[in-house]
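I would like the entire structure built from these sequences, with the hints used as guidance.
Sequence lines, in order, name chains A and B. Counting from 1, one number per residue, gives the positions in the first sequence under the UniProt record's numbering. Counting from 1, one number per residue, gives the positions in the second sequence under the UniProt record's numbering.
Note that these hints are calculated values from the structure, not bench results. Careful: at least some of the hints might be erroneous.
[What the hints assert, rightly or not] FRET-style restraints, in silico, Cβ to Cβ:
#	chain 1	residue 1	chain 2	residue 2	range
1	B	A41	A	G244	53 to 63 Å
2	B	H133	A	A239	34 to 44 Å
3	A	R125	B	V130	19 to 29 Å
4	B	A41	A	V184	48 to 58 Å
5	B	A108	A	C111	31 to 41 Å
The structure displayed is predicted, hence computed values, not measured ones. Heads up, the beta-carbon is just placed ideally off N, CA and C, and yes, glycines get one too.
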Amino acid sequence: MLVYLIKRVNLLVTTLFLLSLMSFSLGHLFPGDSVINFTGQQSLTYEEYAQLRQDLALDESYFMQYVVYLERVFAGDFGLSFSSQSEVLRDFMRVFPASAELSFYALLVTCLIGIPLGLWAGIKRNTLVDKVIFSISAIANSIPIFWLGLLFILLFSLNLAWLPISGRLNLLYDIPYETGILLVDIALSDFDNKWPIYHDALRHLILPTLTLATLPTTLLIGMMRSNVISVMNSQYIKAARTKGLSLYQIIRRHVLRNALLPIIPQFGLLFNTLMTSTMITEIIFSWPGIGHWLLEAIYQRDYPVIQASLLLVSSFMIFINVLSDVCHTMVNPLVRKEING
Amino acid sequence: MASPDIYNEATHPGPYMLAWNKFKSDHVSWISFCIVLFFVAMALFAPLITPYHPLAQHPQDVLLPPSWSSAGDVRFILGTDDLGRDVFSRLVYGCQITFGLSLLTALAAMLVGTALGALAGMSKGIRASVFNHLLDTILSIPSLLLAIVIVAILGPGLPNTIWAIFLVLIPLFVHRTRQAIQTELKKEYVTAARLDGANNWQILFRSIFPNIVESIILQYTLAVSAAMLDIAALGFLGLGAQQGSPEWGAMLVASIDLIYRASWLTTLPGITMFLCLLSVNAVGHGLRNALKQRSE
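Here it is in C-alpha cells:
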C-alpha cells in the first residue's frame with residue numbers, strides 16, 4: 001500500500017513538474033518581452049525594468065530562471081493581468097467559485113440521472129428499456145454541447161419564454177460578493193424577502209446546468225450499464241439468487257455497491273469532460289467563471305493570465321485524477337490485493 | 001460433411017472478413033457507415049454539388065428562410081444568411097473543412113502516434129517509464145484545454161487549430177498502441193515466434209501488427225469524432241476558423257446574433273454536425289461490437 005501511495009505521489013509530482021516546466025516556457029514562447037510576460041507590468045521605467053529583470057534572474061541560465069519562477073508560484077505570485085492590472089491569483093479566486101458552483105450542480109444532476117438510468121438499463125439488459133436508454137444516451141452523446149446550449153436557448157428562452165437566456169441573476173438584485181457561490185451569498189445577504197431571489201437564481205441555473213450535465217450523464221450511463229452487466233454475470237449474484245434473495249435486495253445489497261466501485265477511478269475522466277464543457281457553457285450563457293475568464297484572456301492576449309490559468313486548472317485536474325485513483329484503491333479491497341500481491 | 005457445391009472450394013473468411021461481415025450484419029452500423037461515406041463524398045465533390053461559391057453574396061436575397069417555408073425561394077434550398085450567402089453551399093463546404101480536415105488530421109496523428117506507440121510498447125526499463133510519465137501528463141489535460149493553449153501560443157486561425165488538434169490527438173494513439181502491444185506481447189503466439197528466433201522487428205511487424213490493426217482503426221473513429229468536435233468548438237469560441245468561414249462551428253457562432261430573426265441558421269449547421277458525429281460514433285460502436293464478438 002505504501003509503495004502504491006509513493007508511486008501515485010511520484011506520478012503527481014512528476015506531472016506537476018512537467019506542467020510547471022511547460023508553464024514556465026510559455027513565458028518565453030509567447031510573443032513579446034519575457035519580463036512583461038512574466039510580471040504583467042506594462043508601463044515600466046528603465047530602472048524598474050532592469051530591477052525586475054534581475055529579480056526574475058532573466059540574465060542567468062534557464063535553470064536559475066525556472067527556480068525563481070517556482071519560488072514565485074509557491075508564493076502565489078503569478079504577476080498582474082494585462083487587461084485589469086490586478087493580481088492574477090486574486091482574479092482567479094474571484095471567478096473560480098462561479099465555475100465550481102455550476103460544475104457541482106451539473107455533477108449532482110449527472111449522478112442523480114446517470115446512476116439510476118444506468119442501473120435500470122443494466123438490469124433489464126437487452127430489453128426494450130435498455131435499448132431505449134442506451135440509444136438515447138448514444139444520441140445525446142453525439143450532440144455538440146455548443147449547439148445543445150443554443151437549442152435550449154432557442155426553445156426555452158425565445159420560443160417558450162420560460163427561462164432567462166444568460167447571466168447568473170436578474171440585475172434587480174444586487175447581492176454583495178462574499179464567497180462567490182451565489183446561493184450561499186444570497187443566504188448571507190441581509191434582504192428581507194429572499195424567496196424571489198432564490199427563485200430567480202435557480203431559474204438562471206437550469207439551462208446551463210442541463211447543458212453541462214448532458215455529456216457526463218451519457219458517459220456515466222454507459223459506464224454504469226457495463227458495470228452492472230458484469231456484476232450481474234458474476235458468481236456471487238448467482239449465489240445470492242440461490243439463497244432466495246429478491247431482486248430488490250440483490251440490487252440494493254450487492255449490485256449497486258459493486259457497480260459503483262469501478263466508477264471512482266473513471267471519475268477523473270468524467271471530471272475532465274465536465275471541465276472542458278464548462279468552458280463552452282460559460283461562453284454560451286455568459287456565466288462569469290474560469291472558462292469565460294480564460295477565453296477573454298486569449299482574445300486580449302493576456303499572457304500572464306493564460307500562463308497562470310493553464311497551470312492552475314491542469315494541476316487541479318491532475319490532483320482530482322490522482323485523488324480518485326487513490327480513493328479507489330482505499331475503498332476497493334480487490335485492487336489492494338492485486339497491488340500487494 | 002457432404003456439400004452440394006462440389007465445384008467451388010469452400011471459402012473460409014479471414015479474420016478481417018469475419019469482422020467486416022459482423023459489422024455489416026448490424027443494420028445501425030451499416031447505415032451509419034453509408035452516411036459517413038455520403039459525407040466523405042460531399043466533402044470530396046463539394047465544388048460539383050454546390051450551386052454557389054460559399055462566400056458569394058446575393059444582396060437581393062438576404063435572410064431568406066429555407067425553401068419549404070412560404071417565404072423561401074427554390075434557388076436557395078436551405079435559405080440564405082445575413083449577407084445573402086447560400087446556406088446549402090456553405091454547409092457542403094463546411095463539411096470539407098470540419099469533417100474532411102478532421103479525417104486527414106486524425107490520419108496524420110494515427111501514423112505518427114502509432115509509430116511512437118510501437119516504439120514505446122517495444123521498449124523496456126527507464127525509457128518506457130519516462131515515456132509513460134510524459135504520456136500520463138499529456139493525457140491528464142483535457143484535449144480542448146490543450147488545444148486552446150496551443151492556439152493561444154500560435155495565435156488564432158484554422159491552420160494553427162489543425163496543428164493543435166494534430167498534436168493533441170497523437171498521445172491518444174500512442175497510448176492505445178502501447179497498451180495493445182503490451183497485451184499482445186504477453187500472449188503465447190508471440191513467445192512461440194520468439195522461440196523460433198524472430199527478432200523484435202519481425203515480431204512487431206509479422207506477429208503483433210496484424211492483430212492490433214483493428215483496435216487502431218477503432219481509435220481512429222474516436223479520434224475523428226474528437227477532432228470534429230474540437231475543430232468546431234474552437235471555431236465556435238472564435239479561436240479556430242475565422243468569422244465568415246463556412247466551418248460549422250464558426251457558422252453556429254455567427255448565428256447567435258440572428259437567433260431571434262433567423263433560427264434556421266442555428267438549427268441547420270447543428271443538425272448537419274450532429275448527424276455527422278452520430279454516424280461516426282455509431283460506426284465506432286459497431287466496430288467495437290464486431291471486434292468483441294469475434295474475439296468471443
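Earlier hints that do not hold, by number:
Result: hint 3 breaks, nothing else.
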